[in-house]
Structures are given as structure tokens and as C-alpha cells.
Amino acid sequence: MKKLLLAVLLCVPTLSLADMVVIAHPSAADISEDEISRLYMGRAGSLMPVNLPDGNPLRDHFEQELLGRSPAQMKAYWSRLVFTGKGRPPVEVATSAEKIDFIAANPNSIGYIPASDVTDQVKVIATIAQ
Amino acid sequence: MVSKIKQLSLGVLLALTATAVHADIRFNGFASIKAGSTLSSSDSLYGYDKEVDFKNESLFALQVQADLADRLSVTAQLMGRGENDFNAEFEWAYLTYELNSQTRINAGRLRTPFYRYSDFMDVGYAYDWARVPNSVYNLDFNNLEGVSLVRFGQLGTVDSTIQLIFGSYNGETNITPAPADVSIDRVAGATWELMQGNFSARLAYLTGKLTMVDQDGELTGLLGLLEQSGFAETAHQIRIEDASSTFMGLALGYDNGSLVLGGEIVRSKVKDTVIPTQNGYYVSAGYRINSYTPFISFESRDNDGKAEIYQTLGSGNPFRPAVEGVVESFTIKRDTWNIGSRYDFHPSAALKVQFSSQKDKVSDQRDQLVTVGVDLVF
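From first to last, the protein sequence lines stand for chains A and B.
Per the numbering used here, residue 1 is the first one in the first sequence, and the count goes up by one each step.
Per the numbering used here, residue 131 is the first one in the second sequence, and the count goes up by one each step.
In short, the hints are calculated from the structure, not lab data.
You may find that some hints are simply not true.
Said to hold, decoys possible - In the DSBU-like style, the derived pairs of lysine-lysine whose C-alpha atoms are separated by at most 35 Å in a straight line are:
1) 436(B) with 401(B)
2) 399(B) with 339(B)
3) 123(A) with 75(A)
4) 86(A) with 399(B)
5) 339(B) with 491(B)
6) 491(B) with 86(A)
7) 401(B) with 489(B)
8) 491(B) with 463(B)
9) 86(A) with 436(B)
10) 339(B) with 463(B)
11) 489(B) with 463(B)
12) 401(B) with 180(B)
13) 339(B) with 401(B)
14) 75(A) with 436(B)
15) 491(B) with 75(A)
Bear in mind that the values here come from a model prediction, so they are computed numbers and not experimental data.
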């Protein structure tokens, strides 16, 4: 676990934090970081957030930066909702490329990806400030 | 009403199996494996004694959730507790209908939302302690059959969650301390949770009609004798039958990612019965250092038996010792210190070590307990 954490920490700087963006269907409007945060915490909103798998460094980084929680804290947070009928975690796809395909096909969904992965299938609706 | 609820539970299960072919079905689960031992052979606490015990607080749970079409889903949670020899029971079984993205209705067997951690008190992974503070979390009836409405919202920058719940409960508990059948009818309650940034607060208020009947008939027999002997008023002051009950809880929390503070205070009353006003609170502080979260907490419980019930009998009254025994069995005064740590050694598992020292101020006895355990979610 320590090695994994270390690996995550080492990866983060190379991702270049300012380069993460939130994408949506081309027809979507811009939304605030607060709104994105609420969506990824399962607290209302009409959009469907799309996540990456457990242990993905980009996901860990996104959750730490925007939601202010470590992977273990996120896991504990969701276990409070999942087992009590109060909410469910976002759907997960394996890669940024799959996320782009998913969002291009689902007008009400959003997701975060590295800015360098953006294609013209989707629209950037927010940039995650460092 | 009871049979209707049973039919509903059955309906939930049938719905689950009938749609298994085409519904989106998800499995989740959690488990706790805990071992505990008291420090001395004269101590006993939370079901542990000097012999190391791996069973007492261990549990396994599996949850199945099936999404049906049109915002309807069914969830069943099967849990086996070590204290019941891991015999699995449906702890939760309910339908969920999402009215909209902010409002959901659950119907079936649900958790009664008395406390801040009621909903996930069995999911050890969701909190840092080895167990929820017993001075506050001490009602035997955690579940009910009924319906609940949960609504998420925002008040300016404050996140708000309101839950309304209605239902009833039938089960077993202990009084005086013999086993007793207990029912709570017309349970109605509301909880309101507010979160802003690092701060959170929760209010709970529930009411119901409480009936308790001891299974061995000893208390019931005593009440009958009192009535036949001209002390009907005393019997009336003791009997727990369709008694108006209220529960109030307030919880506050602070979590800035490193420092974790929390506290909760509860009070419950059962009108015109032997059950006195029950008071409990805890305060807890922890600090996350990478994967470790050391914590310390203090909890207290303070229930004064209703001495006026036996004092009106006069010192020579032959019933007085028995009545006094019953009344004073409800006097509970305990302070407990807990110190321990959570260690997130794996993405889905936490190791916890906790030392608890409880002072019973009625018997003037101190009991000390060490618990080591692993909590998992999957």
C-alpha cells in the first residue's frame, strides 16, 4: 500500500495538474467547480458523472484536488451511502478514451480527462484549477 | 399491518428474482473481523471477557441491488453477525424510487435514523473507531418496516439532507434485564443534516408508541399483584404499554482532511412508564497522518431510575423491594474513555486497534478492553 501511495504521489506531478479538464457533450453548458464536486459526491444535479476505476492515479488526483479527499476517505464516504440507500457512486469506465466515447454518446454526462486527451467529440466545460 | 409488511418483504424478494435476467444487478459487501479481550478476568465489556474472542463483534454482509426500469431499484442486505453464530438475516430490504435527482423514497425494511451513524453503524470501514460509541448507540431496535423519503438540497452554500420516516418495529430487547418482546407503533421522525465545507450538523427527532412485555412474565406478574393489592397506580407508573416515546439527537462534526472532530448528544423519554429519561453523549477527536488516524474519545451515559415510583410505597410495604429492584435496574451511570488508531493498510481495508476503559459509577467497577480488527468493503 505504501508503495502504491508513493507511486501515486510520484505520478501526480508528471500529470501537470493544470492540465485536467472536465468534458461534456458538445451541447452542454459550462458548470462551476462546486457543481462538479456535488455531482461526483452523489449530491444531486441533473448530470451523470463518469469516473475512472479505483486506484487510477488521475481519479485519485481529481478526488484529492476537487473533492479534498484521499482514496480511503472516498471509499469510506461511498460506503456510507451505498449501504444505506442514499446514493450510489458514479459509473466507471476504464480509460480516458472510453470516457470520451461514453460522454459523446450520453448528452447528460460529464467526466474529467487530461487536457491533452480532448477530442472534438466532446466540449471542455471546466478546467480544474491547480 | 405486520402481515402486510411481510408480504411487502416477500414482494421485494420476488421482484429481485423475477427481474434477475434483465436487470442491472450489483453486488457490494462489507465485513468486520474483530478480536477482543478484557485486561483482567474480572472485567467484562461489550460482550468480551478475558478469553480472546473473534466472534462477538465480527460480521459479514452482502448487498444485492437490482436496477429496474424507470428509476426503480430494489436492494437487499443480508448480514450474518458473529454474536448470532453468523446466521444471516435481512438487515435491510427495500424498494427505492427516485422521484427526481434530489428526492428518493425507500420502502421496506430500513434502518431507523436515530443517530448520525445509524445508517452505517455496521459498516466499520465508514468510521475510525472500532465500534460506534455505546453510550449513545444503545437502543436495541435499529430497524423498522416502513417508508422513508430522503431529499438532498442546497441552502445557499450549505448542503442539506432531510429524511422523513414512518413505520413500525417488532422485535426483542431486554428489560430488568430479562428478555422482552418490544413493539413500537406509529414511528414518525425527521432528520436534518447540514454540511458546509468542513462543518456538519445533524438533528433528529422521532416519536412512537412503545410497548414492552417481559417474556418470563416476572414483571407482568408483579404488576398484576400490585393491581390486586390496591397499588394500581404504582403498576400504572411502571407498565410500558402504548407509551408515548420521543427521541432527540444532535450531532456536530468537523473534518478538514487532517483533523476530525465529532460529538453527539441524545435524549429519549418514554412517558408514564418505569423507563427514565435516557441521556448519552460522546466527543471524539482524531488526526489523519497519511494512512494512520489516531483518535481519542470520551462517552457518558446517565439514566436516573424513577425513585419516586417506589418511594410512594412506604418503607414497610412488602412490594417495595421488588419495585425498587425493577426501578433501579434502569439506573445507568457510565463514563468511558477510548483511545486507538485506524490504519488504512489496503485500498479496501482498515486495521483498527482500540483500548476502552469504562467506569460504572453505580457498581464502582472499571472494565478495560482491547479490540483489534479489520474492516473491509467490497
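Has the given pair, residue 86(A) with residue 436(B), been kept, meaning a C-alpha gap of at most 35 Å?
Violated: residue 86(A) and residue 436(B) sit about 40 Å apart, past 35 Å.
When you check the alpha-carbon spacing of residue 339(B) and residue 401(B), does it fall within 35 Å?
holds, 10 Å
With a cut-off of 35 Å on the C-alpha distance, tell me whether residue 123(A) and residue 75(A) pass.
Measuring from Cα to Cα gives roughly 29 Å; hence the hint holds.
Pair hint outcome, residue 86(A) versus residue 399(B) [Cα-Cα no greater than 35 Å]
holds, 29 Å
Has the given pair, residue 339(B) with residue 463(B), been kept, meaning a C-alpha gap of at most 35 Å?
Distance of about 26 Å is within 35 Å: holds.
For residue 339(B) and residue 491(B), compute the direct alpha-carbon distance and say whether it is at most 35 Å.
The given pair, whose Cα atoms are some 31 Å apart, holds under the 35 Å limit.
Restraint status (C-alpha distance of residue 491(B) to residue 463(B) at most 35 Å):
Given that 35 Å is the threshold and the Cα spacing comes to 5 Å, the pair holds.
Decide if the proposed pair is consistent with the structure: residue 491(B) and residue 86(A), CA atoms, cutoff 35 Å inclusive.
Judged against 35 Å, a Cα distance of about 40 Å means the pair is violated.
Check whether the Cα positions of residue 401(B) and residue 489(B) lie no farther apart than 35 Å.
Holds, at about 29 Å.
Check whether the Cα positions of residue 489(B) and residue 463(B) lie no farther apart than 35 Å.
holds, 8 Å
Mind checking the alpha carbons of residue 436(B) and residue 401(B) for me, to see if they're no more than 35 Å apart?
holds, 12 Å
Sort out whether residue 180(B) lies within 35 Å of residue 401(B), counting only the CA atoms.
violated, 39 Å
In the structure shown, a violation is registered for the earlier hints numbered 6, 9, 12, 14 and 15, in ascending order.
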